[in-house]
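Whenever a hint applies, use it, and build me the whole structure from the sequences.
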Amino acid sequence: MRQRNWRTEGFGRGITLFCAAILILITLSIVYFIASKGLSTFFLNGVSLTEFLTGTTWNPDADPGKFGALPFIMGSFLVTVGAALLAAPLGIGAAIFMVEIQPGWGQKILQPVVELLVGIPSVVYGFVGLSVIVPFLRNNVGGLGFSLLAGILVLTVMILPTVTSLSTDAIRRVPRDLKEASLALGATRWQTIWKIIILRSSLPGLLMAIIMGMARAFGEALAVQMVIGNTPLVPKSLLEPANTLTSAITLNMGNTIAGSAYNNALWSMGLLLLLMTFVFILLIRYVGRKGQM
Amino acid sequence: MNPKTTDRIATFVLYTIAFLIVSVLFGLLAYILYHGFQRIDLQFITSPPETMKAGGGIGPQLFNSLYLLVLTLIITIPLGLGGGIYLAEYAPKNKVTDAIRLSIEVLSSLPSIVVGLFGLMVFVNVMGWGFSILSGACALTVFNLPLLVRVVEESLRSVPREQKEASLAMGISHWTTIRKVLLPVALPGIITGTILASGRIFGEAAALLFTAGMSSPDLNFSDWSFTTPVSPLNPFRPAETLAVHIWKVNSEGLIPDARAVADGASAILVLTVLFFNLFARWFGRWIYKRLTAS
Amino acid sequence: MDSLQKNGLITEELNVYYGTNHAVKDINLTFPKHTVSALIGPSGCGKSTYLRSLNRMNDLVEGTRVTGKIWFEGHDINDQGEDLQQLRRRIGMVWQKPNPFFKSVYENVAFAPRYHGMKNLDEIVESCLRKAALWDEVKDRLKDSALALSGGQQQRLCIARTLALGPSVLLLDEPTSALDPISTAKIEELMFDLKKDYTIIMVTHNMQQAARISDQTAFFLLGELIEVDQTKRLFTNPKQKKTEDYITGRFG
Numbered sequence: 001m002r003q004r005n006w007r008t009e010g011f012g013r014g015i016t017l018f019c020a021a022i023l024i025l026i027t028l029s030i031v032y033f034i035a036s037k038g039l040s041t042f043f044l045n046g047v048s049l050t051e052f053l054t055g056t057t058w059n060p061d062a063d064p065g066k067f068g069a070l071p072f073i074m075g076s077f078l079v080t081v082g083a084a085l086l087a088a089p090l091g092i093g094a095a096i097f098m099v100e101i102q103p104g105w106g107q108k109i110l111q112p113v114v115e116l117l118v119g120i121p122s123v124v125y126g127f128v129g130l131s132v133i134v135p136f137l138r139n140n141v142g143g144l145g146f147s148l149l150a151g152i153l154v155l156t157v158m159i160l161p162t163v164t165s166l167s168t169d170a171i172r173r174v175p176r177d178l179k180e181a182s183l184a185l186g187a188t189r190w191q192t193i194w195k196i197i198i199l200r201s202s203l204p205g206l207l208m209a210i211i212m213g214m215a216r217a218f219g220e221a222l223a224v225q226m227v228i229g230n231t232p233l234v235p236k237s238l239l240e241p242a243n244t245l246t247s248a249i250t251l252n253m254g255n256t257i258a259g260s261a262y263n264n265a266l267w268s269m270g271l272l273l274l275l276m277t278f279v280f281i282l283l284i285r286y287v288g289r290k291g292q293m
Numbered sequence: 001m002n003p004k005t006t007d008r009i010a011t012f013v014l015y016t017i018a019f020l021i022v023s024v025l026f027g028l029l030a031y032i033l034y035h036g037f038q039r040i041d042l043q044f045i046t047s048p049p050e051t052m053k054a055g056g057g058i059g060p061q062l063f064n065s066l067y068l069l070v071l072t073l074i075i076t077i078p079l080g081l082g083g084g085i086y087l088a089e090y091a092p093k094n095k096v097t098d099a100i101r102l103s104i105e106v107l108s109s110l111p112s113i114v115v116g117l118f119g120l121m122v123f124v125n126v127m128g129w130g131f132s133i134l135s136g137a138c139a140l141t142v143f144n145l146p147l148l149v150r151v152v153e154e155s156l157r158s159v160p161r162e163q164k165e166a167s168l169a170m171g172i173s174h175w176t177t178i179r180k181v182l183l184p185v186a187l188p189g190i191i192t193g194t195i196l197a198s199g200r201i202f203g204e205a206a207a208l209l210f211t212a213g214m215s216s217p218d219l220n221f222s223d224w225s226f227t228t229p230v231s232p233l234n235p236f237r238p239a240e241t242l243a244v245h246i247w248k249v250n251s252e253g254l255i256p257d258a259r260a261v262a263d264g265a266s267a268i269l270v271l272t273v274l275f276f277n278l279f280a281r282w283f284g285r286w287i288y289k290r291l292t293a294s
Numbered sequence: 001m002d003s004l005q006k007n008g009l010i011t012e013e014l015n016v017y018y019g020t021n022h023a024v025k026d027i028n029l030t031f032p033k034h035t036v037s038a039l040i041g042p043s044g045c046g047k048s049t050y051l052r053s054l055n056r057m058n059d060l061v062e063g064t065r066v067t068g069k070i071w072f073e074g075h076d077i078n079d080q081g082e083d084l085q086q087l088r089r090r091i092g093m094v095w096q097k098p099n100p101f102f103k104s105v106y107e108n109v110a111f112a113p114r115y116h117g118m119k120n121l122d123e124i125v126e127s128c129l130r131k132a133a134l135w136d137e138v139k140d141r142l143k144d145s146a147l148a149l150s151g152g153q154q155q156r157l158c159i160a161r162t163l164a165l166g167p168s169v170l171l172l173d174e175p176t177s178a179l180d181p182i183s184t185a186k187i188e189e190l191m192f193d194l195k196k197d198y199t200i201i202m203v204t205h206n207m208q209q210a211a212r213i214s215d216q217t218a219f220f221l222l223g224e225l226i227e228v229d230q231t232k233r234l235f236t237n238p239k240q241k242k243t244e245d246y247i248t249g250r251f252g
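Chains as they are written, first to last, in UniProt numbering: chain A, 1 to 293; chain B, 1 to 294; chain C, 1 to 252.
Check each hint, because a few of them may be wrong.
To be verified - No farther apart than 30 Å at their CA atoms in a straight line, the calculated lysine-lysine pairs in the DSS-like style are these:
1. C:196 with C:232
2. A:290 with B:95
3. A:108 with B:289
4. C:69 with C:242
5. B:180 with C:119
6. B:93 with A:290
7. C:103 with C:119
8. C:119 with C:139
9. C:33 with C:143
10. C:69 with B:289
11. B:180 with C:143
12. C:139 with B:289
13. B:180 with C:103
As the list claims (entries may be wrong) - Have a look at the derived ranges for each label pair, beta carbon to beta carbon:
14. A:144 with B:92: 44 to 50 Å
15. B:4 with A:172: 38 to 44 Å
16. B:74 with A:175: 54 to 60 Å
17. A:109 with C:42: 23 to 29 Å
To be verified - A few chain A positions that, by computed beta-carbon distances, are all more than 10 Å from chain B:
18. 89
19. 141
20. 177
21. 233
For the record, the hints were derived by calculation from the structure and aren't laboratory data.
Where a beta carbon is used, it is the ideal one built from N, C-alpha and C, also for glycine.
Below is the structure:
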């Protein structure tokens with residue numbers, strides 16, 4: 001290679017590698033900063049990890065402060081699982097409808113709307129929840145309206161487009177001839193859908209859609225915070241107010257003094273969120289690998 | 001149960017689900033737009049918000065959202081192009097490439113509040129930029145960059161292989177081939193993807209609460225210097241965006257018409273996202289026609 | 001060295017490996033200057049792989065190893081130190097499917113010469129389009145996108161683009177298999193004109209085409225060179241049984 005070529009080739013490769021390496025740098029510094037702050041609750045402020053993860057009393061301003069974050073952890077898991085339980089059948093059902101039952105208007109109307117809704121900002125979902133779901137629950141079901149159920153419903157609507165559009169992709173990947181062979185052998189449409197499409201061919205893809213939806217629900221902050229009521233107690237029913245890790249951070253990060261035990265405890269919650277992100281990624285990779293086999 | 005009956009029941013259930021979803025989704029859109037349009041007028045879009053009384057607008061917030069978007073794109077587009085080109089054209093199969101891909105996965109699935117915390121610590125405190133547009137733009141970069149890298153990589157990978165071979169077979173260097181042959185073909189995909197990602201940045205709130213801040217100084221829209229504190233363009237001033245404003249008036253606002261202001265602001269957010277979506281689709285088709293037809 | 005002067009390109013003991021797959025085996029072939037050589041054989045016989053190693057395009061495919069010598073303009077170009085950018089200016093290539101750049105007709109031809117710092121681009125564009133028998137059809141639409149041309153026109157544009165760098169050897173990989181009969185006839189006619197100035201090596205699966213336009217024909221099977229001879233002789237009086245079976249259509 002001549003000098004000139006070597007220089008431009010090296011330049012191109014070098015500068016693009018630099019850009020790509022920035023991604024690693026950002027990821028590492030996020031892990032480092034969040035972990036160092038989040039762990040100082042336990043190492044600097046002497047809060048016990050067991051208390052943080054299993055304690056149910058949250059009163060950081062008391063003396064000595066109580067740092068039981070279980071209500072937040074429970075709240076986060078409850079809204080996530082609740083939303084997934086509602087959104088999974090609805091989203092997958094809608095995806096089957098769009099691909100198998102009514103591809104005509106299903107694709108022309110439902111799909112663009114779903115794609116548009118994936119992009120709607122989450123505050124808008126929260127605000128609609130605040131002005132529609134909360135008063136509806138208050139007037140028709142009872143309680144304050146601000147409740148675990150309200151959080152679940154808002155998140156359901158929020159992740160429904162994600163689950164639907166990813167499920168649609170998964171079902172679309174099932175080869176046409178597999179379906180036609182099943183129908184030709186005399187199976188009804190539903191048998192074909194259930195046995196061939198759902199159980200055999202696209203199960204990993206559908207699971208992935210649900211996990212992606214759950215990851216989005218677990219990390220959502222503002223939409224949940226606006227409707228869930230924000231009481232640091234483990235809820236005894238769906239209609240009681242609750243709290244999540246994200247809403248605790250949202251509400252209190254600005255009102256606590258940096259470096260205080262209270263503030264550090266919020267960083268610990270951030271660290272928990274970060275760890276859960278890794279769990280979701282591992283799950284997605286695991287399911288994805290299953291799908292290839 | 002006999003298979004025929006099951007089939008009928010299943011079909012009925014699927015129709016019900018589809019109908020339910022269509023009505024919820026359309027209801028949601030209709031609700032937002034219907035309520036919003038009752039509040040939106042020129043005065044609402046251009047005037048500053050009130051702190052205690054009714055009748056405030058969202059002018060500065062709208063400007064902040066747009067300015068933040070532009071600043072974020074200025075940072076992310078060059079980096080995203082570089083990263084995407086590396087992954088599509090240079091990356092060998094090794095540990096570094098695996099680490100880059102894992103980073104992309106982590107960054108794009110990180111909860112935005114965590115990104116906000118990171119921004120608070122690094123950009124606001126360590127770098128000392130305070131609650132500012134610059135801090136906000138850097139936080140938004142954290143989750144826009146992986147999206148953009150993916151868009152660029154996928155667009156480059158969808159360029160027919162023969163294009164690259166033809167160029168290399170004429171003795172043109174790989175780097176020039178990328179810039180002059182591959183990128184122009186990939187451009188429509190890159191632009192469409194960038195516009196769609198922009199919609200997401202525009203509506204982001206949680207990552208901005210502790211980076212761009214929850215307030216805006218009284219902007220002087222006749223002062224366009226980059227350094228004065230009341231200039232709209234000063235990147236070191238705090239900037240509350242439209243999405244943050246919706247959250248704030250609802251959770252800690254004191255204005256009596258919080259509901260109406262949030263209605264209007266929500267509708268504008270949704271319309272903007274809608275606009276980004278339609279524009280991206282239209283633009284993709286237009287540029288494809290320009291490239292293929294005479 | 002006398003044979004190097006007379007001949008455009010010579011390969012000695014050329015082998016190509018894809019990973020563990022030995023795709024091309026010990027090929028010794030000589031391509032005289034100003035002739036058309038056809039490489040024929042059933043698909044998967046290694047003829048395209050062989051062709052692609054002549055301008056080192058196989059370097060782009062990961063896990064490929066090429067051994068042996070390729071003599072061109074007095075030296076072995078299958079050498080580590082070979083300047084590939086200069087080499088590829090001297091040995092041009094045209095693909096099976098027309099693959100013009102997503103640029104204007106003019107730019108398609110002018111792009112590479114400009115990169116290599118050549119002057120008088122307008123003249124180069126016109127003369128190359130004329131040599132490729134395309135000038136009259138496109139002279140009023142040089143600014144139009146090349147993708148708006150017909151398939152046959154696109155393929156001739158690809159040939160013109162290759163000529164623009166002033167090569168001495170043209171490698172053509174089934175250049176007409178994606179085209180209609182009329183466009184095919186035009187390209188064949190063109191090759192007849194071009195061999196006055198260039199050494200042409202063409203892969204084809206169309207035996208009539210090989211018989212019509214080539215001076216020598218080489219028959220490949222399973223990565224081996226079975227027979228090479230003057231085209232007329234090979235088709236009328238093949239020495240090998242396998243060659244005879246193939247050209248009489250007994251397999252393929």
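Right, here's what the structure says about each hint:
no., hint, verdict
1, C:196 with C:232, "holds (20 Å)"
2, A:290 with B:95, "holds (23 Å)"
3, A:108 with B:289, "holds (22 Å)"
4, C:69 with C:242, "holds (27 Å)"
5, B:180 with C:119, "holds (19 Å)"
6, B:93 with A:290, "holds (22 Å)"
7, C:103 with C:119, "holds (20 Å)"
8, C:119 with C:139, "holds (20 Å)"
9, C:33 with C:143, "violated (36 Å)"
10, C:69 with B:289, "violated (47 Å)"
11, B:180 with C:143, "holds (17 Å)"
12, C:139 with B:289, "holds (23 Å)"
13, B:180 with C:103, "holds (10 Å)"
14, A:144 with B:92: 44 to 50 Å, "violated (58 Å)"
15, B:4 with A:172: 38 to 44 Å, "violated (27 Å)"
16, B:74 with A:175: 54 to 60 Å, "violated (44 Å)"
17, A:109 with C:42: 23 to 29 Å, "violated (51 Å)"
18, 89, "violated (7 Å)"
19, 141, "holds (18 Å)"
20, 177, "holds (21 Å)"
21, 233, "holds (20 Å)"
The earlier numbered hints that this structure contradicts are 9, 10, 14, 15, 16, 17, 18.
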